Amino acid sequence: MTESERRQRVLARFIADPVFEARVRADPSAIAQEESLSLEYVCRLAATSARRVEAFRRSQAHKDAARAGAPPKQSGW
Amino acid sequence: MLAQVSPVSVGIGLRDPYVEPLLALKDRGALDVLEVMIDDARLDPRRLDRWRALSKRWPLVAHGTGLGPGDACGVDPAYVSAVSADLRAIGAHWYSEHLCFLRTTRADGTREDLGHFAPMVLDDEDVSVLAKNVGLVRSSYSGVFLLENAADILALHGEGDAAAVASGKRFARVLVECNVGALLDLTNLALQARNDRFDPMRFLEFVPWERVIEVHLAGGRRAGDLWIDSHDHAVDDESWRLLAIAAERARNLRAVIIERDENLPPLDALLAEVARARRALR
Numbered sequence: 001m002t003e004s005e006r007r008q009r010v011l012a013r014f015i016a017d018p019v020f021e022a023r024v025r026a027d028p029s030a031i032a033q034e035e036s037l038s039l040e041y042v043c044r045l046a047a048t049s050a051r052r053v054e055a056f057r058r059s060q061a062h063k064d065a066a067r068a069g070a071p072p073k074q075s076g077w
Numbered sequence: 001m002l003a004q005v006s007p008v009s010v011g012i013g014l015r016d017p018y019v020e021p022l023l024a025l026k027d028r029g030a031l032d033v034l035e036v037m038i039d040d041a042r043l044d045p046r047r048l049d050r051w052r053a054l055s056k057r058w059p060l061v062a063h064g065t066g067l068g069p070g071d072a073c074g075v076d077p078a079y080v081s082a083v084s085a086d087l088r089a090i091g092a093h094w095y096s097e098h099l100c101f102l103r104t105t106r107a108d109g110t111r112e113d114l115g116h117f118a119p120m121v122l123d124d125e126d127v128s129v130l131a132k133n134v135g136l137v138r139s140s141y142s143g144v145f146l147l148e149n150a151a152d153i154l155a156l157h158g159e160g161d162a163a164a165v166a167s168g169k170r171f172a173r174v175l176v177e178c179n180v181g182a183l184l185d186l187t188n189l190a191l192q193a194r195n196d197r198f199d200p201m202r203f204l205e206f207v208p209w210e211r212v213i214e215v216h217l218a219g220g221r222r223a224g225d226l227w228i229d230s231h232d233h234a235v236d237d238e239s240w241r242l243l244a245i246a247a248e249r250a251r252n253l254r255a256v257i258i259e260r261d262e263n264l265p266p267l268d269a270l271l272a273e274v275a276r277a278r279r280a281l282r
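Chains as they are written, first to last, in our numbering: chain R, 1 to 77; chain V, 1 to 282.
One or more of the hints may lead you astray.
Chain R stretches covered by chain V per the calculated footprint, using a threshold of three residues with CB under 8 Å from any CB of chain V [what the hints assert, rightly or not]:
(1) 1-15
(2) 24-34
(3) 52-60
Hints are computed from structural coordinates only; laboratory data are not their basis.
It should be emphasised that the depicted structure is a prediction, and the values quoted were computed from it without experimental measurement.
Glycine is no exception: its CB is placed at the ideal position from the N, C-alpha and C atoms.
Start from the sequences and build out the full structure, keeping to the hints where you can.
And the structure:
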């Protein structure tokens, strides 16, 4: 698995799993080691404000609802 | 092919409720171009017939949301092949996608769809991923391919002037190294700049303007202390201001598209925005 793949997998998990998000914030070094990722990238995630993560999740949920509910199209958000 | 949509066409993002009003529109000159959401054809192939009917009145360009050009796990060749067939079927003048990743591989090897445009670091490895995936698109679709600056609510490149410089430089690098055109979403930029506290002009300093083929304009909304690129309001003043700047710099600009996904107004309201964009381009 490449560094890009590992980064993307960790970002997806960071968004999807609040427990993992908390671990990233609490100990970026441990996550970097566990996931064989650069510490710099994990620190970037750890520094992402909770309100931004929440906004991303809300937007995800909004899109899921739009897709399930009908007229698809959603572009930018 | 681009010459057929020239010098600068202005139009709207086509959504289903506008199909009938557009087919009935007497003033064909009220807009110059329509942008279809190409992934919608895969959800309901009957849309292709409607789009073909509309293509007799206006040129079509295509915008995608399902490719994931930055997916490090690779884009799906079957998806690319299906989209390419749809692009050819409607005679799309070009195809654009978002600079982002959409899918990743779980620990058990299965793929996970984030259902949202996710930001990339855009280092050497990410650029290689993009180039490889764009190459796959090119092997199936011979038309012009554009990448759009997607909004990043996570602010992966940080905040302030350094974020503007980093994201501007990296966007430019991707365009050049993947040899693709740019879809410059000025509203994404305006809202990103507001959220991340930078001057959008700093980002624009790094844009390779000769590659800018298309511009998107929309209206976002405020959610708490963040601006969301929600496409549910009229185009905001900052985006109009940036359009005037882009119009001066982007000599290969061919289309400006007004996007609206929710809170859809009557067609006339969007056509009024088309008219305003035309005035800004004079």
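* Outcome, coverage of the region 1-15 of chain R by chain V - at least 3 residues whose beta-carbon is closer than 8 Å to one in that chain -> Satisfied; 11 residues make the cut.
* To do: Count residues of the region 24-34 of chain R with a Cβ under 8 Å from any Cβ of chain V, then say if the count reaches three.
  => violated (count 0)
* Outcome, coverage hint (the region 52-60 of chain R, chain V; C-beta under 8 Å; three residues) -> holds (count 7)
The structure shown violates just one earlier hint, number 2.
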